[in-house]
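The primary structure of each chain is shown beneath.
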Amino acid sequence: MKSRQKRGKKQKFKRENIADDPAQKAVELQTRKPGADKSKLMQRSGLPSRAFDRVYDSGVGPGCQQIDAYRNLPIDRYRNRRSGRLESLMGDWKTTGASVGAIFASVLTLGCCLPLPFIGAAGVAGASVFFAGARPWLLGLSVVLLGVGFFQVYRGLRCRTGPSKWAMACLVVSTFTVVVLLLFPQVVAVLFANLLGGRR
Amino acid sequence: MKKRLSLIAALFIVGLLTLAWHFYRGKTVPAGQPPLVSLTAQNFDQLRSAFNASVGDVRVVLLLSPTCPTCLRGSAAVENVLKQNRNPHLRVFAIWEAMLPTDYASPGTLVLGRLSDPRVAQYWDKNHLFALELARKLGSDADHPQPGCCTRDGIHWDEIIVYNQDARWDAQLPRAVFVEGPVVDNAPDLSEVMARLLPI
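So the sequence lines, in the order shown, correspond to chains G and P.
Residues in the first sequence are numbered consecutively from 1009, following my numbering.
Residues in the second sequence are numbered consecutively from 90, following my numbering.
Bound-form chain G, shown alone (with noise of 0.2 angstroms):
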């Protein structure tokens, strides 16, 4: 029985921190029903008016509202949320990953030439044929994840937030890669050659 009593303390605890949130009202604020009364919406948040406006005007498009809602408040302990932290990782996250599997892609186009440590612990028989033939797709598929990175970079910047500097390092490095790889395939290759100990 008191631990009942406890348990439904802690979840009204919970609701009214929830309710308090401006993070959470700027979320709501963000889904807003179209023609709402903004001086009533303002006054519903008790956010100051310059923050009102940022996170009022902030949200373009689907997707973006969560983000900014985090990401824009000027209040310096919402910011560092460990809730605001995770939703930004997320949106980095989808970038690096994109970006990584880009690299590891267009690696692995030199899978047929190259003795990969991972093909050998995984025992794929014909590995080297596997890679030569789906080559091809291999820099059709790195292509594509360099897009999807880009997109994600490019809606972070509709919604006003910058990628963290991780997930742009990672996309410079990744579309470097690439690009090196479609345009200079024989420097990649002497490289390669090189450092598997065929330096002349």
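These are calculated hints, taken from the structure and not from any lab test.
As the structure is a computational prediction, the values presented were derived from the model and not from experiment.
Heads up, the beta-carbon is just placed ideally off N, CA and C, and yes, glycines get one too.
Wrong hints could be hidden among the right ones.
Unchecked claim - From chain G, some residues computed to sit far from chain P (all C-beta separations above 10 angstroms):
(1) V1108
(2) V1151
(3) V1152
(4) G1155
Claimed, not checked - A few chain G residues facing chain P, derived, Cβ under 7 angstroms:
(5) A1142
(6) R1143
(7) G1148
(8) W1174
(9) A1177
(10) V1181
(11) T1185
(12) A1197
(13) V1198
With chain G's structure known, arrange chain P on it following the hints.
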């Protein structure tokens, strides 16, 4: 953010231009070698003439891909074999083939420079004319030594083919004394065959 992105883009473009200059500045063969010949059905007889002009010499034909790191390691291994055997009665025909999707350009200076011995003549065989000729010979001559490796879609690549002093290319390729691939793994065998045919 915009400034930073512009800076990254500028660095990226400068990097690409530097690579482009390095890669496309020429298709120069090392000193002492005849210029690179692009083989077509019209000028294929040039290769036949060059082959027959060196009757009395041992002839080594190398089938390589310019963007395959293993092939490039093979070219470096052959270069080392040539350094060990300085006999002038030796001719090497390095035939670069378009085997991989990244082989869209003829070999550049960087790739051609990996075989720097003046006894080498280098060719770009986009249409696999020599490999098809070899396949025809291997198919029609049951006593011809057969390579343990390497074909892709019936096209021979990454192989060493050795012809003795008497071999003459008339209607068909002559019978080779040694055919094996991949080049990098068979360089020691090439060294042995050459030592047998051409005392140092």
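> Are there hints from earlier that the structure breaks, and if so, what are their numbers?
Replying inline: 5, 7, 8, 9, 10 and 11
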